[in-house]
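Engineer: Residues per chain are reported as follows:
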Amino acid sequence: MLTYAFKRTLTALPVLWIAITVCFFVLRLAPGGPFDGERPMPPGIKANLDAHYNLDKPLIQQYAIYIGNVLKGDLGPSFTTEDFSVAEQISIGLPYTLILGAAAFVVSILLGVLAGIIGALKRNSWSDHTLAALVLLGLVIPNFLMAPILQLIFGIELDWLPVGGWGDGSLRYLVLPVAVLSFPHIARISRLMRGTMIEVLNSNFIRTARSKGLSSTPIVMRHALRPALMPVMSYLGPAAGYLLTGSLVVEQIFGLPGIGRYFINAALNRDYGMVLGTVIFYMIVILILNLIVDLLYAWLDPRVRAQ
Amino acid sequence: MILQSFKCNLFNDVAEGEVSGRSLWQEAMLRLRRNKAAMIASAILALLIIAALFLPAFLPYGYEDPDWNAFRAPPSIESGHYFGTDQNGRDLLARTLYGTRVSLLVALVATFVSIVIGVSYGAIAGYMGGRIDQAMMRFVDIMYALPYILFVILLMVIFGRNVYLLFAAIGMLEWLTMARIVRGQTLAIKNREFIEAARASGRSSAAIIFRHIVPNLVGPVVIYAALTVPEIVATESFLSYLGFGVQEPLTSLGTLIAEGSDAMEVLPWLLWFPAAFLVLLLMSLLFIGDGLRDAFDPKDR
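Each protein sequence line maps, in turn, to chains Y and A.
Its first residue numbered 1, the first sequence is counted upward by one per residue in full-length UniProt numbering.
Its first residue numbered 1, the second sequence is counted upward by one per residue in full-length UniProt numbering.
Per the computed footprint, the stretches of chain A lying under chain Y, defined by three or more beta-carbons under 8 Å from a beta-carbon of chain Y, are:
#1 134 to 144
#2 237 to 245
#3 275 to 289
Calculated from the model, a selection of chain A residues having no Cβ within reach of chain Y, i.e. all distances over 12 Å:
#4 Ser23
#5 Val109
#6 Arg192
#7 Ser201
#8 Ala206
#9 Arg211
#10 Val214
#11 Val221
#12 Phe296
These are computed hints drawn from the structure, not numbers from a lab.
For every residue, glycine included, the Cβ atom is placed at its ideal position computed from N, Cα and C.
Turn these sequences into a full structure, and let the hints guide you.
Structural biologist: In structure tokens form, the structure reads like this:
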């Protein structure tokens, strides 16, 4: 098990390095820089700024310095926000993004699995059909459309929930962003879950359990759930990436001060350090999540471990 | 009696040189035609495409010209602004149709890009096998884990918001699953006799892959491509919504929804019409993709 985890980590590292390298050079090769404003800067000041941020050195040397710093855990200074390092800005935005993402992740899994089980057990009943209709809505309404619709209904018309902002960080402010972020994943997970659950319920070992006189609940909870969860597990790795993408939009729409907004602003302002820093951070988070999912997968399914 | 007429038919068919059995394709098309949801979805999609392509020519207003007499006009039949106008007096129906056109075009081109990359990559990996296959598929696994949307956003910011770049970037994002599917299919057919015959007659690997293997993959490729199209439409509108997509005065459904949601409290029609078009488009594409999959792979139902 440990060697398996170790191997997966080792293969992830070169990926990280390649991605950083590609990002670094693409950013630098593009026209324009972080200090291009409406008004041209006096050349002396520009030269000083460039020197301070090492922008006057040859590209290869800049790259070497950057990689060296990253290896030491230093993501460097932000180019456009004075007095803040990239790491500081990320740590300011992190709690918001983390709470939002984790809440959406948990809600997606719980509701998705639950809806899938209900759909599979009560196949073709009215509850199954209602769930199927909801799933369809989740699949075809993109998050940037779902957000204003929910804002309009629950924020403005009914006035139950705040339309945006973090406020005091209470649950009320989280409901709409989390709902928007998790809805498509609840839909996908429940569809997967329903399909595999039906398949598992028709399999021989469940028939055996039934013929031994077990009632429905223990059959589902003790026997059917674990094998039926496998496809859901393999969806969770990519889902982490999708949640991140979604959080870019959700943070923007609901005005939440998370990392997604820093990334978009930094990309628009050519803040090289900040863009690279956020990309590196995002990738590390996603690679770690994928690793966890892989390990969970190996733990749930002995056949994977054997490979 | 029945048997006799059947025999009769059989002999007639043979006599006429026809094959009386239905091919896999015919069989699939028959199943698709019996799928009501997919058929309705195709009709809606056809209507949307026809409207997006031809209707703008018959409208009195262009998608970028302001009507100085009608700013922020609500939808009405008399004024000729059936969907109303925006803050700049531009006709929303014309803009929505134009946006649909852009979204469809992006979807088409990006799907094509993803097919070209995915099919070549998957077929080469599957045919070569061994170390090459392992390395190539490992790369795909790894790419799966990366947040590409960040890279697409970077590309769009850095090289300017260029429609062609958008096509390429989205296409390059969506080829991974296609590569996996094609590799699997290639593995299944690469040991068949006709491939062996081609190899024995001295054809190069490239020729075998593209002349003999790829044409046999049409079925799964078509199905998966159909399932990719709605995802690409959604991705494009997502990027446009964030302001990284097409540029003014060009518009797309995502851009229109972004503008509409900014003004939804005062000018709600600016949100509802483009939103309805996008949802209809995505829904019909989804049903067609599902229908195709069910038609070709009935055991999956």
